[in-house]
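Number of protein chains: 2
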Amino acid sequence: MTSSQPHTSRTVHPLDRDGLRERVNAALAAFMDRQAEVLAEVGEGMAPVTAALRDFLLDGGKRLRPGFCYWGWRGAGGVDEGAAGAAAVRAATSLELLQASALIHDDLMDRSDTRRGKPAVHKRFEGLHAASDWRGSGEGFGSAAALLLGDLCLTWSDEMFSGSGVAPSALAAAKPLFDVMRTEVMAGQYLDVLEQAMGGGSVERSRRVIRFKSAKYTIERPLHVGAALAGAGDDLLAAYSAYGLPLGEAFQLRDDVLGVFGDPAETGKPAGDDLREGKRTVLLALAAERSSGAQARLLDELVGDPALDDAGVKDLRDVIQGTGALAEVEAMIDALTGRALAALDAAPVAEDARAVLRGLVGAATVRTV
Amino acid sequence: MTSSQPHTSRTVHPLDRDGLRERVNAALAAFMDRQAEVLAEVGEGMAPVTAALRDFLLDGGKRLRPGFCYWGWRGAGGVDEGAAGAAAVRAATSLELLQASALIHDDLMDRSDTRRGKPAVHKRFEGLHAASDWRGSGEGFGSAAALLLGDLCLTWSDEMFSGSGVAPSALAAAKPLFDVMRTEVMAGQYLDVLEQAMGGGSVERSRRVIRFKSAKYTIERPLHVGAALAGAGDDLLAAYSAYGLPLGEAFQLRDDVLGVFGDPAETGKPAGDDLREGKRTVLLALAAERSSGAQARLLDELVGDPALDDAGVKDLRDVIQGTGALAEVEAMIDALTGRALAALDAAPVAEDARAVLRGLVGAATVRTV
Numbered sequence: 297m298t299s300s301q302p303h304t305s306r307t308v309h310p311l312d313r314d315g316l317r318e319r320v321n322a323a324l325a326a327f328m329d330r331q332a333e334v335l336a337e338v339g340e341g342m343a344p345v346t347a348a349l350r351d352f353l354l355d356g357g358k359r360l361r362p363g364f365c366y367w368g369w370r371g372a373g374g375v376d377e378g379a380a381g382a383a384a385v386r387a388a389t390s391l392e393l394l395q396a397s398a399l400i401h402d403d404l405m406d407r408s409d410t411r412r413g414k415p416a417v418h419k420r421f422e423g424l425h426a427a428s429d430w431r432g433s434g435e436g437f438g439s440a441a442a443l444l445l446g447d448l449c450l451t452w453s454d455e456m457f458s459g460s461g462v463a464p465s466a467l468a469a470a471k472p473l474f475d476v477m478r479t480e481v482m483a484g485q486y487l488d489v490l491e492q493a494m495g496g497g498s499v500e501r502s503r504r505v506i507r508f509k510s511a512k513y514t515i516e517r518p519l520h521v522g523a524a525l526a527g528a529g530d531d532l533l534a535a536y537s538a539y540g541l542p543l544g545e546a547f548q549l550r551d552d553v554l555g556v557f558g559d560p561a562e563t564g565k566p567a568g569d570d571l572r573e574g575k576r577t578v579l580l581a582l583a584a585e586r587s588s589g590a591q592a593r594l595l596d597e598l599v600g601d602p603a604l605d606d607a608g609v610k611d612l613r614d615v616i617q618g619t620g621a622l623a624e625v626e627a628m629i630d631a632l633t634g635r636a637l638a639a640l641d642a643a644p645v646a647e648d649a650r651a652v653l654r655g656l657v658g659a660a661t662v663r664t665v
Numbered sequence: 297m298t299s300s301q302p303h304t305s306r307t308v309h310p311l312d313r314d315g316l317r318e319r320v321n322a323a324l325a326a327f328m329d330r331q332a333e334v335l336a337e338v339g340e341g342m343a344p345v346t347a348a349l350r351d352f353l354l355d356g357g358k359r360l361r362p363g364f365c366y367w368g369w370r371g372a373g374g375v376d377e378g379a380a381g382a383a384a385v386r387a388a389t390s391l392e393l394l395q396a397s398a399l400i401h402d403d404l405m406d407r408s409d410t411r412r413g414k415p416a417v418h419k420r421f422e423g424l425h426a427a428s429d430w431r432g433s434g435e436g437f438g439s440a441a442a443l444l445l446g447d448l449c450l451t452w453s454d455e456m457f458s459g460s461g462v463a464p465s466a467l468a469a470a471k472p473l474f475d476v477m478r479t480e481v482m483a484g485q486y487l488d489v490l491e492q493a494m495g496g497g498s499v500e501r502s503r504r505v506i507r508f509k510s511a512k513y514t515i516e517r518p519l520h521v522g523a524a525l526a527g528a529g530d531d532l533l534a535a536y537s538a539y540g541l542p543l544g545e546a547f548q549l550r551d552d553v554l555g556v557f558g559d560p561a562e563t564g565k566p567a568g569d570d571l572r573e574g575k576r577t578v579l580l581a582l583a584a585e586r587s588s589g590a591q592a593r594l595l596d597e598l599v600g601d602p603a604l605d606d607a608g609v610k611d612l613r614d615v616i617q618g619t620g621a622l623a624e625v626e627a628m629i630d631a632l633t634g635r636a637l638a639a640l641d642a643a644p645v646a647e648d649a650r651a652v653l654r655g656l657v658g659a660a661t662v663r664t665v
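If you read the protein sequences in the order shown, they are chains A and B.
Following the working numbering, the numbering of the first sequence begins with 297 at its first residue and continues without gaps.
Following the working numbering, the numbering of the second sequence begins with 297 at its first residue and continues without gaps.
In isolation and in its complexed conformation, chain A is listed as follows:
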């Protein structure tokens, strides 16, 4: 499936194969039940924290990272049976807690007010502050709460991974990859923030941000962690990199296209939010490189304008299409997707996993959330 096909929902999502998504959701719910007990011990005041985290963790999401981790494990020979299978699913599910932390902190940094069509965590607690008629700054309260809830998810991710029940030797093999994944995603986030501050992002610098913030974090490292949990060697890790890095880049480029051209009903974000925010993407870097005169002035003026209206969004879309930047990004997505598929064909993985990983290429690059 290439990116030029329409973004319709597919009848059977590869992440639903073998009931994985439901098992991930069940593992998250069980984990959250245990943490709710710990939080309740601390005091009544924790109830809104528990409720907010439960809602955030269980309200959906594609569960991409657990999916890649689980199928990385299966592809490396992991056998999904009994307690060992359940432990592997729990280990994979822990990546969703890391992602929850990243999203909560990301929304706080970006001052993004909505997430999946609902108030972001800092807005939810700002709302609690207002409804409770508390003292001081509601924004400050919301920010502090989001900071702490993100911290909780971050520590819980490791707690769930280390306590997943996988064999100690498997854990010892996978933990260093889990660790480097976390450092890379935070460093990538910093590069992203730095890129926005430095401005005038080049295509090359934007692709570097994508590599660390998205490609390694969303796809390559989850596959590596899964592979290591199954005791895989360097050959398979290298094959997963050859598949995962181009796919991850394609995934982020698709996300950037949806951030500008996506349907709010599907993305869960207001149309043109990335433009309003001035997000430094390869798409915009290309449009800037290829524009001049009136088009260049329009980009300069409107990108990053918090008050950007629908007409402005339309103007920017026209520039991005008119300069050929959109077509070039779509071509990049196709090329990267092709590389990922070729690497997958050559990879020494179990056949059932190969089929799912092939399906995930489509799911990741035409994703609608």
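No incorrect hints appear here.
Short, incomplete list of chain A residues facing chain B, as computed with Cβ under 10 Å: (1) GLY446; (2) TRP452; (3) GLY459; (4) PRO464; (5) LYS471; (6) ASP475; (7) MET482; (8) GLY600.
No lab work stands behind these hints, which were simulated from the structure alone.
For each residue, glycine too, the CB sits at the ideal point set by N, CA and C.
With the hints as your guide, set chain B onto chain A.
Below, chain B without anything else, positioned relative to chain A:
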């Protein structure tokens, strides 16, 4: 040593026994060297992050939590020899990374501009933004950087703990206590923020915040983690609680007193910063309970006033002394310290550890940082 003695520095600090503090510093430096390599891989832009974290982690601090963890381990029979001893020191040192994360995020939430007499991390990066003449909000850049640097320290804490080299069985016994410690400190932080928002803090509610945010986190849980690393049973854990919880409360009460009456040269914070910030402490809750008329109005007006000047600080100090709140807190510190010492005398711990833990009572309750 009781709290009524002058806060002079002691010639031999108990945490320096057996060269512990230097070993903790060396373990942090070695860990930071390895992470510097990972960050350098991500890109040149990471250099200020590496530098800021190195400075923050290595610039001192009493290393209280590693100290309690290490001596909790020794007290439970841990033998500090060879590789096993070095591994235990590394495991204990990991608590300092957790503390670094808490401080970086705390300063961000509180908008505290200095830490140990130097710019807080968010201010340091705000300064970098200004000096580099970058785009957008310098405050936003500083906040994002502090958020991410705190996240890095948080994940590194677990990475250092899990990768410390302690035996797998010891790690398996201690990790659940390490986990609950992290959840408790974050929940305690939230309660603290909530308390400030709700206002009118009662003495009881303030003591609950202290229990979770400080007593368990700074003393009880580090002791538990150390004990579990040495394979201790429930009896010793209970004894450590009987010693650690009152001591931890005394420790925080001392901190609150220093926050109002402390010498800036010793605390590293401007005089009266806690008053300016409106920090809800037991000291202030008691002063509020015991005041009426002009004293009550003064508290109401001046506590939490960001523009509070030296004269205002002096007025508030007079109220806190005049109401007898200061004397009551000093009496509480004495009583709690006495309970901690009595529990220590009865605890089934190794004698050399008992001596150090006795010394730490003084160090914790007259601490000057």
